[in-house]
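Undergrad: Each chain, written out:
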Amino acid sequence: MWHENIDHANVINRTKTTMRQTLLRLPTRNSVWAFRASRPAQIASTRRSFASEASPSPEVYDVVVVGGGPVGLTLAASLGAARTTSHLKVALIEGMDLAPIRNWSPKPDYFANRIVSLIPSTVRLLKEIGAWKHIQQNRVQSYDGMQVWDGMTGARVEFDWNKLWGGKDEQTDTTIAHMVENIHLSHGLLKAIGDLAVQPTMIDKTKVERIQYGEMTGQLDMRDWPVVTLSTGQQLAARLLIGADGGNSPVRTFAGIESRGWDYDRHSMVATFKIEDDSAFPKFAYQRFLPSGPVAILPLPGNFANLAWSTTPEKVTHLKSLAPEDFVAMVNAAFRLSYTDIDYLHNLKSGVVEETKWRESVTQHPDPPQIPVRITEVLDGTRASFPLKMRHADKYIAERIALVGDAAHTIHPMAGQGLNSGIGDVYSLVKSLAEGIRHGQDVGSSFTLEPFQSERYLPNNALLGFVDKLHTLYGFESGPLVPLRSLGVEIINRDWFGLKRFLMSQAAKS
Amino acid sequence: MAASTTCLRCLRSRALPAASNRAFSVLNRPPPNYPGHVPLTGPERLFLAAGSALMSFIDPRRGDMIALLGETTAQPFFITRLRDTMLRHPTGRRILRARPRITSQSLSLPRLRSLPPNTIGATYVAWLDREGVSPDTRADVRYIDDEECAYVMQRYRECHDFYHAITGLPIVREGEIALKAFEFANTGLPMTGLSVFSALTVKADERERLLKVYLPWAVRNGMQAESVLNVYWEEELETDVGEMRERLGIEVPPDLRTARAEARRRKRDGKTTTTTATTAAAGTAPTGDETAKVETEAERAEREQLEIERKAMEILEQADKM
Amino acid sequence: MLRRSLRIGAPLLHSLEPVQRAPRLSPSNIDRAIQKFSSQNARCISTSAYRRKAEAGNSTTGSRGAVDPDELSHFNALASTWWDAQGPSRLLHLMNPMRINFAKHCLQMHPTSATADAGGGESPFSKGLRVLDVGCGGGIFSESIARLPETSHVVGLDPSEQILAVARAHAKKDPTLTGKLQYINSTIDDYPSDHQVDLLTLFEVVEHVPYPAAFLQSCMRHVRPGGWIVLSTIARTWSSWFTTKLVAEDLLRIVPRGTHDWHKYINENEMRAFFEKQPGWGAQGMLSMGCLYVPGFGWKAVKGSEHIGNYFFGVRRDMQ
Chain G
1230 MWHENIDHAN VINRTKTTMR QTLLRLPTRN SVWAFRASRP AQIASTRRSF ASEASPSPEV
1290 YDVVVVGGGP VGLTLAASLG AARTTSHLKV ALIEGMDLAP IRNWSPKPDY FANRIVSLIP
1350 STVRLLKEIG AWKHIQQNRV QSYDGMQVWD GMTGARVEFD WNKLWGGKDE QTDTTIAHMV
1410 ENIHLSHGLL KAIGDLAVQP TMIDKTKVER IQYGEMTGQL DMRDWPVVTL STGQQLAARL
1470 LIGADGGNSP VRTFAGIESR GWDYDRHSMV ATFKIEDDSA FPKFAYQRFL PSGPVAILPL
1530 PGNFANLAWS TTPEKVTHLK SLAPEDFVAM VNAAFRLSYT DIDYLHNLKS GVVEETKWRE
1590 SVTQHPDPPQ IPVRITEVLD GTRASFPLKM RHADKYIAER IALVGDAAHT IHPMAGQGLN
1650 SGIGDVYSLV KSLAEGIRHG QDVGSSFTLE PFQSERYLPN NALLGFVDKL HTLYGFESGP
1710 LVPLRSLGVE IINRDWFGLK RFLMSQAAKS
Chain X
521 MAASTTCLRC LRSRALPAAS NRAFSVLNRP PPNYPGHVPL TGPERLFLAA GSALMSFIDP
581 RRGDMIALLG ETTAQPFFIT RLRDTMLRHP TGRRILRARP RITSQSLSLP RLRSLPPNTI
641 GATYVAWLDR EGVSPDTRAD VRYIDDEECA YVMQRYRECH DFYHAITGLP IVREGEIALK
701 AFEFANTGLP MTGLSVFSAL TVKADERERL LKVYLPWAVR NGMQAESVLN VYWEEELETD
761 VGEMRERLGI EVPPDLRTAR AEARRRKRDG KTTTTTATTA AAGTAPTGDE TAKVETEAER
821 AEREQLEIER KAMEILEQAD KM
Chain A
32 MLRRSLRIGA PLLHSLEPVQ RAPRLSPSNI DRAIQKFSSQ NARCISTSAY RRKAEAGNST
92 TGSRGAVDPD ELSHFNALAS TWWDAQGPSR LLHLMNPMRI NFAKHCLQMH PTSATADAGG
152 GESPFSKGLR VLDVGCGGGI FSESIARLPE TSHVVGLDPS EQILAVARAH AKKDPTLTGK
212 LQYINSTIDD YPSDHQVDLL TLFEVVEHVP YPAAFLQSCM RHVRPGGWIV LSTIARTWSS
272 WFTTKLVAED LLRIVPRGTH DWHKYINENE MRAFFEKQPG WGAQGMLSMG CLYVPGFGWK
332 AVKGSEHIGN YFFGVRRDMQ
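Residue numbers (my numbering), protein chains in the order written: chain G, 1230 to 1739; chain X, 521 to 842; chain A, 32 to 351.
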């Protein structure tokens, strides 16, 4: 009965999110933008007033990338690395200071809490653009096995190349993904950009004040060129303006492209841990689907691991408020105890260690490597969280505008595909630009950009939908879907119809 | 990485879930999970459930069969759910952690007899004394696989007499049936629900009263009340029954004794009136003999009914004692 | 043969402007169209016929002898939507990469000689490739060839001042085109320049010209030895009649009636025969490539389809 209510609530939550609502939402990494989004009507009015303003003439760029996150940096590095696009005059604008990332020097016994999982195709691109060689391999952990199970029924899928193929095949890359710290990846990308023969103009610590259309002068008609005005007063006219500027993309708002979706009322809790000695086991990624959201432990080099626990905002607040030892006990419990127990533990302000000790002694649970080894310690200051949402822009392109990464699509992180699909966008966009350049097209023209959109939109849409359905499916604590989903998992796990092989090869390819 | 993968398979066997959750054959029955535990195969469990249901039906005094039925039908789903109900409640968790047993040793019966009559302890011991049973007569749980769930079953059984005390239902047949319905709504154990089917054997007017008054009361209260498993009875012996009822959210049930007396009186009056009308219609004067005969018949009917009720009570009491 | 030419993959190049005046479609219309087709024989590219007409034309329309006034007004009507990505000229835009590819392919056949001016190299165009785009329209091809780094100068010729205004306005949107691309309102006959170019292009032009032989000969004068004429047009077949006339103009009415005169279409073998007769042409390179528009997939080069519908044709002026 109550499932229907839940469904109903979902329907209400999933009503179209208007642009205004999107703007009202708390920005995440875009908080650096002082941008005041103009609605189309406002854009029109500023354009009218623009002609009367006496403004310095903007510097003309072929490509202006707004946003210096991993996707924006990958884009700048890819444009410079590809032969056909390397002559383009590129500028990248980032609100934060890039110097700490450029000068990043890691401590050996510390890993940051923001970790990304890079699938093989992403790594291939990073190799092509010369970024992977700047990644310190001793701080990268690859894994070729995954353990995913249902928190209510225990139904489990083991994704393990070694088991599936009956041993390691030298020809096949059996890696499912590589875990790298975000800052490490950005550091490598900045170094790759530094290696480029033609350097893009990197403008950091600078906010985008506004974006307007250019003006008509005697010789030139820049009225359909976006002109970006920076907080320094500098103006850049963009033949092609690329929004790599995150979920609340000012570029997308400027283009008047709506982004639709919903908030999950879930936050993702991240943290980095020290773990017990796991050298006896292969490095696996672990994910347990609880009705409140999936909890995952991802491997890091040595005796370190990273947590990604999606749950309700209240529970995240509770997790953050716990004493370190109680928090550690809570995370260990999340992979061992029943959902009833985990739910109860969220009410305890202290004494979690005691309580979980007793519960684990009377609860039957699998042992490593089916579940992660125990974590022993949470690294100071690594507990953080961010809200989860699902968004998809109506389109990725407009005349002289393209959107990549989170600006185009925001996905639930359970599949670790957010950054990977963003980098997939970059790969496709650069390919389209190169093709356009070879045929003498304007890189900003929609004819140049169309192949990018048609190549990326449907696959991204399918991925967003799939992950969203998983979130819904595993949100049920009981009811007819619970045994059904377990049956489905059983079928996949036994590799009937070659389903498991198919899923794994797809994951490796994408 | 490559080296460690070779031992994956042997590691895996270590990681298998506990024996009792796995299918096995009678030839390789796994060791018990706790003293007295008998792991059953699926077919065995099915056979025992069907057999005990049949035996309980044929001979309702077989308390052991009713207990067996209770255990074989509670697993895997119902007892786990009851356990989770306890786990969600601080007191329930405390009980599960301490695992107290109710025996004549753990409870000082003489002390309970000295408590004021409106206390839970006094009501409980009054029930034991009237029925001539002791807390020690409860059988041990053997067929629930999970040790903790087995304890939950044991606890349910040992606390049954306290439920009488707080619901305040009288120890008559309808009251027993109503209590079983209450338990079913409150605990969800299938055996308690099956016991409610004995309502089919009562007389039509009683059944009507059950259906209209007592079963709705039982179901409503059973569902809305806090789980009775989450009461630490050992700590509540001196608590006032009414206060506990209020705490659990149980309404005072309609006064069954009054209702029964009322119904009986109405029935008798109705019969007399009918007889009078009949004789009046016949046009003859009623004689004392005839009146006496009619009264004797009514008395006999009542006596027969009381006999049936007594038999039914036996059945239900057996069920209580399982 | 007939059935085969009526199969799918219909080449449908021509402007898809919404119909202004809806023509009535009746069985008799179709009959008339079929009769027209049946009475058609192989088209002879005659020079003398053009001369006579051109001389007569000169007396009335000045220097616009090679231009059909009806054609002119038709393309004037298209001017405003020429650069609209979703507009009637979308199919032309989508075809443009293929034009570039084909032109590059032609120039690559003789890289050492064709690019001799700039010292050769891997690039298909010499540094300083000069292009004359005859019938440039809104400048779809002119702009894109001008953007290529190998190109030094492009002249777009078109007899319609109205459509050139569109082309000029659009070229102002791209600073890289400034000084590299020039539009001149002229016919090829009146084009004053004596400079010979490396590449002369005629995309979707010859089927709109009343006297193609004379027109082509006028063009040939502007190509330097070793340079190329690259053109695209439609073959005169059952299939092209079916798709460009019957379906597009009569049945679907997505193209205004009279956009095309099917009788003006020139087959690939007729084109080839014409250039084979021209002294100093084609000995060092004459090639063609057919292409089809497949809805949902875009333009595809299909071997052999030059005898069915749209095709590209390239011919080189001999070095001597």
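No wet-lab data here; the hints were simulated from the structure. There's no promise every hint is true.
[What the hints assert, rightly or not] With a Cα cut of at most 35 Å, we get these calculated DSBU-like pairs of lysine-lysine:
no.: 1; chain 1: G; residue 1: 1318; chain 2: A; residue 2: 308
no.: 2; chain 1: A; residue 1: 295; chain 2: G; residue 2: 1660
no.: 3; chain 1: A; residue 1: 331; chain 2: G; residue 2: 1436
no.: 4; chain 1: A; residue 1: 331; chain 2: G; residue 2: 1624
[Stated by the list, open to error] Computed from the model, here is a short list of chain G residues facing chain X with C-beta under 10 Å:
no.: 5; residue: 1444
no.: 6; residue: 1446
no.: 7; residue: 1448
no.: 8; residue: 1450
no.: 9; residue: 1491
no.: 10; residue: 1550
no.: 11; residue: 1568
no.: 12; residue: 1573
no.: 13; residue: 1576
no.: 14; residue: 1579
no.: 15; residue: 1582
no.: 16; residue: 1588
no.: 17; residue: 1589
[To be verified] Chain X stretches covered by chain G per the calculated footprint, using a threshold of three residues with CB under 8 Å from any CB of chain G:
no.: 18; segment: 619-631
no.: 19; segment: 634-643
For every residue, glycine included, the Cβ atom is placed at its ideal position computed from N, Cα and C.
Undergrad: Next pair to validate is residue 331(A) with residue 1624(G); report whether the Cα-Cα distance is within 35 Å.
TA: holds (26 Å)
Undergrad: Can the hint on residue 1589(G) be confirmed by a CB-to-CB distance to chain X that is less than 10 Å?
TA: Check failed: Cβ of residue 1589(G) comes no nearer than 12 Å to chain X, outside 10 Å.
Undergrad: Please verify that hint: residue 1448(G), Cβ, nearest Cβ of chain X, below 10 Å or not.
TA: With a minimum Cβ separation of about 63 Å from chain X (threshold 10 Å), the hint on residue 1448(G) is violated.
Undergrad: Straight-line Cα separation of residue 331(A) and residue 1436(G) no greater than 35 Å?
TA: At roughly 45 Å apart (the allowed maximum being 35 Å), residue 1436(G) and residue 331(A) break the hint.
Undergrad: Given residue 1579(G) was flagged as interface, is its beta-carbon under 10 Å from a beta-carbon of chain X?
TA: violated (14 Å)
Undergrad: Would you settle whether the hint for residue 1550(G) is holds or violated, based on the nearest Cβ-Cβ distance to chain X being less than 10 Å?
TA: violated (19 Å)
Undergrad: Can the hint on residue 1444(G) be confirmed by a CB-to-CB distance to chain X that is less than 10 Å?
TA: Cβ of residue 1444(G) sits 60 Å from chain X, so the hint is violated.
Undergrad: Is the shortest C-beta separation between residue 1446(G) and chain X less than 10 Å?
TA: violated (63 Å)
Undergrad: Do the alpha carbons of residue 295(A) and residue 1660(G) lie within 35 Å of each other, as the hint requires?
TA: violated (40 Å)
Undergrad: Holds or violated: the hint that residue 1582(G) contacts chain X, with Cβ atoms closer than 10 Å.
TA: Hint violated; residue 1582(G) Cβ to chain X Cβ min 15 Å, cut 10 Å.
Undergrad: When you check the alpha-carbon spacing of residue 1318(G) and residue 308(A), does it fall within 35 Å?
TA: The given pair, whose Cα atoms are some 49 Å apart, is violated under the 35 Å limit.
Undergrad: Next item in the hint list is residue 1568(G). Is there a CB on chain X closer than 10 Å to its CB?
TA: This hint holds: residue 1568(G) lies near chain X, its Cβ roughly 9 Å from the closest one there, short of 10 Å.
In this structure, the earlier hints numbered 1, 2, 3, 5, 6, 7, 8, 9, 10, 14, 15, 17, 18 and 19 are contradicted, and the remaining ones agree with it.
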